[in-house]
Amino acid sequence: MDLRKAIGYFFLLLGAALLAAGISGGYSAPLTQAPVNLYSGAAMAMFGGVMAALAARR
Amino acid sequence: MTLAWIDYAILVLYFGFVLGIGWLVRKSVTSSEDFLTSHRSVPVWITSLAFLAANLGAQEVVGMCASGAKYGIMTAHFYWIGAVPAMLFVGVFMMPFYYGSRARSVPEYLKLRFDEKTRTLNAVTFAAMTVFSSGISMYALGLLFQLVLGWSFTASILLSAAIVLVYTYLGGLTSAIYNEVLQFFLILAGFAPLAILAVTKAGGWEGMRANLPLNMTQAWRHLEEPARNPMGVELFGLVAGLGFVLSFGYWCTDFLVVQRAMAARNMDDARRTPVLAAFPKMIMPFIVIVPGMAALALSRLAAGYAIPAKPDGGPDYDQVLTTLMAQFYPNGMLGVGLTALMASFMSGMAGNVTAFNTVFTYDLYQTHLKPGAPDAHYLRVGRLTTVFGIALSVATAYLASLYNNIMDLLQLVFGFVNAPLFATFLLGMFWRRATGHGAFTGLASGTLAAALTHGLTVAEGKGGWIAPLATFLSTMAQNFWIAIAAWTTCFVVTIAVSLATTPRSNEELAGLVRGLTKLPPGHSAWWLRPSGLAVVVLAALLALNVLFW
Chain A
7 MDLRKAIGYF
17 FLLLGAALLA
27 AGISGGYSAP
37 LTQAPVNLYS
47 GAAMAMFGGV
57 MAALAARR
Chain B
-2 MTLAWIDYAI
8 LVLYFGFVLG
18 IGWLVRKSVT
28 SSEDFLTSHR
38 SVPVWITSLA
48 FLAANLGAQE
58 VVGMCASGAK
68 YGIMTAHFYW
78 IGAVPAMLFV
88 GVFMMPFYYG
98 SRARSVPEYL
108 KLRFDEKTRT
118 LNAVTFAAMT
128 VFSSGISMYA
138 LGLLFQLVLG
148 WSFTASILLS
158 AAIVLVYTYL
168 GGLTSAIYNE
178 VLQFFLILAG
188 FAPLAILAVT
198 KAGGWEGMRA
208 NLPLNMTQAW
218 RHLEEPARNP
228 MGVELFGLVA
238 GLGFVLSFGY
248 WCTDFLVVQR
258 AMAARNMDDA
268 RRTPVLAAFP
278 KMIMPFIVIV
288 PGMAALALSR
298 LAAGYAIPAK
308 PDGGPDYDQV
318 LTTLMAQFYP
328 NGMLGVGLTA
338 LMASFMSGMA
348 GNVTAFNTVF
358 TYDLYQTHLK
368 PGAPDAHYLR
378 VGRLTTVFGI
388 ALSVATAYLA
398 SLYNNIMDLL
408 QLVFGFVNAP
418 LFATFLLGMF
428 WRRATGHGAF
438 TGLASGTLAA
448 ALTHGLTVAE
458 GKGGWIAPLA
468 TFLSTMAQNF
478 WIAIAAWTTC
488 FVVTIAVSLA
498 TTPRSNEELA
508 GLVRGLTKLP
518 PGHSAWWLRP
528 SGLAVVVLAA
538 LLALNVLFW
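Protein sequence lines correspond, in order, to chains A and B.
For the first sequence, this note's numbering assigns the number 64 to the last residue and increments by one with no breaks.
For the second sequence, this note's numbering assigns the number 546 to the last residue and increments by one with no breaks.
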């Protein structure tokens, strides 16, 4: 199995879940106003995309 | 801390992927070597990250964040001088003998280089140690989840143990290693945002410096005497005890980490594994230690965060990481953070279990109980040992919850056993005159010297059970000096006994000792050679230390 594919899909799904939570704006944290879910979700989805693309290129 | 459905969904997604990786990898397991050693087939980027992640257990992550709040940037010494130089040494100088000897485990190398009794001594202590450390780590995780989330202690440890069992049972070492890489990235994803948020809230590095004492933001300047720094250690104890004996003793001889490098495809990759792992290792303090420092700065700033207190009123540093998450992570990211904590626990536990089953199957069972059986038999034993090892870890976790003192005692005794090990390997690999009798006697005397040093010194009320002849300011300083005494005794006794006993012939030692081992030709480009990469790592390490001098 190609591990990059598994890691890629995992972070794509994780990133999508966080992005959805971030866009809905339903959750907040006591000590920060920053859109944590949105930024983290975008970074994770991007990382997942890169890993999945690397796996697909071969 | 209250979790929402999205946090649980993230946890379930993670469980699904680790089990799925185990399921997919199971097809590649047809022999005991596939199961226990990955048949030397894993690509180098995977072995490198697994080398790092197998050591990155939950206790390490939670403990390092706690130490960041307690000791400040000096905690980074556990990474910078306490890990990186030893990782470079094992890759550049020692891996040719581990990998080149075709030993399947570190104890088996001792058998090839010295004799059966030295191997068995190392195998028995290592096997016992891995099971108990995994149990102690499981206990810590169960307790933390009980405290923070109100989860049942039994449910947390049984669920996490069951998942590790399924994926290691299915795919053996390859499954553990593959999952360790996923877990490594998840640990980064779960903790790095916390570091950014907490440090930003504390006013950046400058803001933290303004609110923390100087000896918590400078790593080297307060080491002239123990009373001047929060760790209560001095320069020689730190460099010789941690930077040399303990660090080299762990990273260069512990099969848990060395096993990852031994799973690489070829000698060059095996040597590059720890060297490449040193790059992320160097920056881990910014992810696990700096948030702890930011927590302390925030509590001094009265910015809405306070270090949690124990029932007796003292600071409870072990809860710093989880309370920071509760303050800075909204649901969603909170789920990622807790899943990362679970992942770090699982990577540490799978590391222990896969090292345990290899050493038990090859070094104890095949050697002493049933030699000469067909390979399918050892594959079955390897799988059963996985179940047995995890069951023992669970039992240890329960034992720890009932008798806390027994665990303290076990950790102390294992410390005694581990401290002299590096002297044995150093002489074994670099001095062809070292003999099996020398190695065995050296190890036994080193362990005895460690126990004696503990019995003759006191620190924070610990030790001094023979006669309290000297006092240390902290148990950390005491541990460093115990290690120095053990290493020196083992080194001297091994040399003395070796000189009085008959060495093995040069022919028998070919491939096991420097000077009698031919290395295959490596890469022509210097930056692809283990030594070239090591120089780059050393330069970066030096720069980091100067920056935080």
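Just so you know, not all the hints are guaranteed correct.
[To be verified] The list that follows gives simulated cross-link-like pairs (lysine to any residue, SDA-like), each with its CA atoms no further than 25 Å apart: (1) A:K11 <-> B:K24; (2) B:K367 <-> B:R99; (3) B:K24 <-> A:A61.
[Claimed, not checked] Derived coverage of chain B by chain A (criterion: at least 3 residues anywhere in the stretch with Cβ under 8 Å from a Cβ of chain A; other residues may be distant): (4) 282 to 294; (5) 370 to 376; (6) 445 to 459; (7) 472 to 484.
[As the list claims (entries may be wrong)] Computed, partial: chain A to chain B, Cβ under 10 Å: (8) I13; (9) F16; (10) F17; (11) L24; (12) S34; (13) Y45; (14) A58; (15) A62.
I should point out that these hints are in silico values taken from the structure, not numbers from a laboratory.
We put the beta carbon where it would ideally sit given N, CA and C, even for glycine.
Quick one: which hint numbers does this structure break? Sort them smallest to largest. Numbers 4, 5, 6, 7, 14 and 15, in rising order.
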